[in-house]
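**Q** Taken in sequence, the protein lines are chains A and B.
Read in the numbering used here, the first sequence has 80 at position 80, and its numbers run on one by one without any break.
Read in the numbering used here, the second sequence has 77 at position 77, and its numbers run on one by one without any break.
Simulated from the structure, these hints should not be mistaken for lab results.
The structure presented is a predicted model; accordingly, all values stated were derived computationally and were not measured.
Where is the CB? At the ideal position from N, CA and C, for every residue including glycine.
Straight-line alpha carbon distances no greater than 27 Å define the calculated BS3-like cross-link-like pairs of lysine-lysine that follow:
| # | chain 1 | residue 1 | chain 2 | residue 2 |
| --- | --- | --- | --- | --- |
| 1 | B | LYS85 | B | LYS69 |
| 2 | A | LYS274 | A | LYS165 |
| 3 | B | LYS120 | B | LYS108 |
| 4 | B | LYS158 | B | LYS85 |
| 5 | A | LYS103 | A | LYS239 |
| 6 | B | LYS85 | A | LYS274 |
| 7 | B | LYS158 | B | LYS337 |
| 8 | B | LYS120 | A | LYS69 |
| 9 | B | LYS120 | A | LYS65 |
Just so you have them, the derived chain A footprint on chain B, three or more residues with Cβ under 8 Å:
| # | stretch |
| --- | --- |
| 10 | 104-118 |
| 11 | 224-235 |
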Amino acid sequence: MAAPKVAVVGAGLVGLSTALCISEAFPSCPLSVLAEQFSPNTTGDVAAGMLIPHTYPGTPIHVQKQWFKETFAYLFAISNSAEASEAGIHLVSGWQVFKTPPKDEVPFWSDVVLGFRPMSAAELQKFPQHRWGQAFTTLKCDCPPYLLWLERRLRANGVQLRTSKVADLWELRSEYDVVVNCTGVGAQQLVGDRELLPTRGQVLQVHAPWVKHFIRDGDGSTYIYPGIHSVTLGGTREKGSWSQSPDPATTRDIFSRCCSLEPSLQQAEGVRVKVGLRPSRSAVRLQREVLSQGKAKLPVVHNYGHGAGGFSVHRGTAKEATRLVGECIAALRGSSCRAKL
Amino acid sequence: MRVAVIGAGVIGLSTALCIHERFQPLVPCLQLEVYADRFTPHTTSDGAAGLWQPYLSDHGELQETLWNKETFDHLLGYLGSPEAKEMGLFPISGYNLFTRPVPDPSWKNIVLGFRNLTPKELELFPGYSYGWFNTALMLECRSYLPWLTNRLAQRGVKFFHKKVGSFQEMFAQGVDVVINCTGVRAGELQPDPALQPARGQVLKVQAPWVKHFVITHDMDSGIYNSPYVIPGSEFTVLGGIFQQGNWNEENSAQDHKTIWERCCKLLPSLQKAKIVEEWSGLRPARPRVRLERETLRHGHSQAEVIHNYGHGGFGITIHWGCAMAAARLLGSILQEKQLARPPQSHL
Numbered sequence: 001m002a003a004p005k006v007a008v009v010g011a012g013l014v015g016l017s018t019a020l021c022i023s024e025a026f027p028s029c030p031l032s033v034l035a036e037q038f039s040p041n042t043t044g045d046v047a048a049g050m051l052i053p054h055t056y057p058g059t060p061i062h063v064q065k066q067w068f069k070e071t072f073a074y075l076f077a078i079s080n081s082a083e084a085s086e087a088g089i090h091l092v093s094g095w096q097v098f099k100t101p102p103k104d105e106v107p108f109w110s111d112v113v114l115g116f117r118p119m120s121a122a123e124l125q126k127f128p129q130h131r132w133g134q135a136f137t138t139l140k141c142d143c144p145p146y147l148l149w150l151e152r153r154l155r156a157n158g159v160q161l162r163t164s165k166v167a168d169l170w171e172l173r174s175e176y177d178v179v180v181n182c183t184g185v186g187a188q189q190l191v192g193d194r195e196l197l198p199t200r201g202q203v204l205q206v207h208a209p210w211v212k213h214f215i216r217d218g219d220g221s222t223y224i225y226p227g228i229h230s231v232t233l234g235g236t237r238e239k240g241s242w243s244q245s246p247d248p249a250t251t252r253d254i255f256s257r258c259c260s261l262e263p264s265l266q267q268a269e270g271v272r273v274k275v276g277l278r279p280s281r282s283a284v285r286l287q288r289e290v291l292s293q294g295k296a297k298l299p300v301v302h303n304y305g306h307g308a309g310g311f312s313v314h315r316g317t318a319k320e321a322t323r324l325v326g327e328c329i330a331a332l333r334g335s336s337c338r339a340k341l
Numbered sequence: 001m002r003v004a005v006i007g008a009g010v011i012g013l014s015t016a017l018c019i020h021e022r023f024q025p026l027v028p029c030l031q032l033e034v035y036a037d038r039f040t041p042h043t044t045s046d047g048a049a050g051l052w053q054p055y056l057s058d059h060g061e062l063q064e065t066l067w068n069k070e071t072f073d074h075l076l077g078y079l080g081s082p083e084a085k086e087m088g089l090f091p092i093s094g095y096n097l098f099t100r101p102v103p104d105p106s107w108k109n110i111v112l113g114f115r116n117l118t119p120k121e122l123e124l125f126p127g128y129s130y131g132w133f134n135t136a137l138m139l140e141c142r143s144y145l146p147w148l149t150n151r152l153a154q155r156g157v158k159f160f161h162k163k164v165g166s167f168q169e170m171f172a173q174g175v176d177v178v179i180n181c182t183g184v185r186a187g188e189l190q191p192d193p194a195l196q197p198a199r200g201q202v203l204k205v206q207a208p209w210v211k212h213f214v215i216t217h218d219m220d221s222g223i224y225n226s227p228y229v230i231p232g233s234e235f236t237v238l239g240g241i242f243q244q245g246n247w248n249e250e251n252s253a254q255d256h257k258t259i260w261e262r263c264c265k266l267l268p269s270l271q272k273a274k275i276v277e278e279w280s281g282l283r284p285a286r287p288r289v290r291l292e293r294e295t296l297r298h299g300h301s302q303a304e305v306i307h308n309y310g311h312g313g314f315g316i317t318i319h320w321g322c323a324m325a326a327a328r329l330l331g332s333i334l335q336e337k338q339l340a341r342p343p344q345s346h347l
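Produce the complete structure using the sequences and hints provided.
**A** Structure, rendered in structure tokens:
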């Protein structure tokens, strides 16, 4: 049997990173990435790309921790290499501050990030409205650079990247043997997943190069994330909203909340406003499915629904999806052997 | 009452401002002037990265540790104010790296969040087995010196761009007190064998992905002779040169190579950084800061000099504490001349 042809649908963070893992694990399988949108027009391009996990209620904590550990280790190595700036990966230290006592004094990821500890009283003085805080060092993936870097790695591995609107996964059966569904928020329509809902987020990107630390309100609503060329200010969490147009009142509100945390932002210049729709789900859908019509079958691996936590777990879920692709390939080989009998 | 500050680096300008803020309301006849052969951006202070960090050991100079603390606390008070950006002031965190365990520094409780590095953090820095992490402050003199200059100009302080040849020259003009903030060239006004240049060279690069300072220490080669990386608001400064006795202000190709290779080894991501500028300067090194009063004869009368120089590689770190100490010395002089009442006087 010739090497199975694999298609990854979706060229956002999850699609590209999953495709990269597949190309590394199965170099002889022809691989294509098909997507309507590529960077800089994906959801991940709007996100700051901070490695601070979001907790999925529907996934066991030890699994989420494993995904985060794998992702952190992978990016940690890149951040400490000559490729770091091209890949947009860098370390950043900062503070997560709370007005009310944190639910998790010691979150499950505290021993994966670097130097996690409670903030001292002296450090908290900088945040007069907050009474508790955690200090740590983590990683940030700046986009578009990280996504463009992934695209370059894919092309170097001989992977085809094609702009294509896929209306139905079944239509890919004529050209591909295995399909990997990394369509993020698009999965709601593509595969009819009613558990997948958008959570609208609006952010501002400003020029404030003297801001060297991240600051995050523990309630998750307000954050300041310094990237390579701009600082991302956020945010909002609007469940069920599909609107991708920036809202001016929201812009003013985000700016005001961020300036309360970091007054020097009043002096920031050049505000750009972006909107992204987080592909929210109670758990990441990471499973195999076999689509069939009569005797015809199409193995599918789903890898979507990462919500607010995509960057933090992307390499971990990409590796798991790759493992599932391996199972699909093994099953195809098994059935093709049986077919010859 | 004419007071002339000689020197317009961080020490001269901050001393001038401290004096004016403190005494102008009490001594309306106070006339303050600043004389210097070099102004920002051509002073020694301008070349420094601007990181607040004292040397590792205070060599028992508890006075200096106190001045460092006073400076840190003074700057901390400006964080969060609208002035901070104009001053070039912002918080920064980072790493101090060693090849073996060392005692905690005198300033561990002055900075914020001081702690030892974890094993995972040390994995970032092969070759280093021990280190510290803390949050400190950056005070970029490219911004701070103009900010001080503006505050002084607003207060009517006059500036004179000239090289002062001697203290006597000032006294002959009618200056009553000279504040000597001449840094590395103080010896030209009064020989001081304890004052030596400690030449440094830096590369300014574009590396905006670097968000932490990283300072390495080689306990055998001495302070700042080991690579360091300090990210500023615009550029990242690479350094690690400390040459005692070298007066050469020209950039050295050998030092360039040393800095570049060692810093790229320390932070591999720097290999892609673009070098935009190179600069050499002379730290005014002295076993301890000279901060004292001296009474000189001038004709039939006496004239006063307050020395405030010899801040080595920690001028920015210590400047405000020294400015206040110099101002206190001026206060004594003013009291003696019955121009200012002591703080607890009763009418």
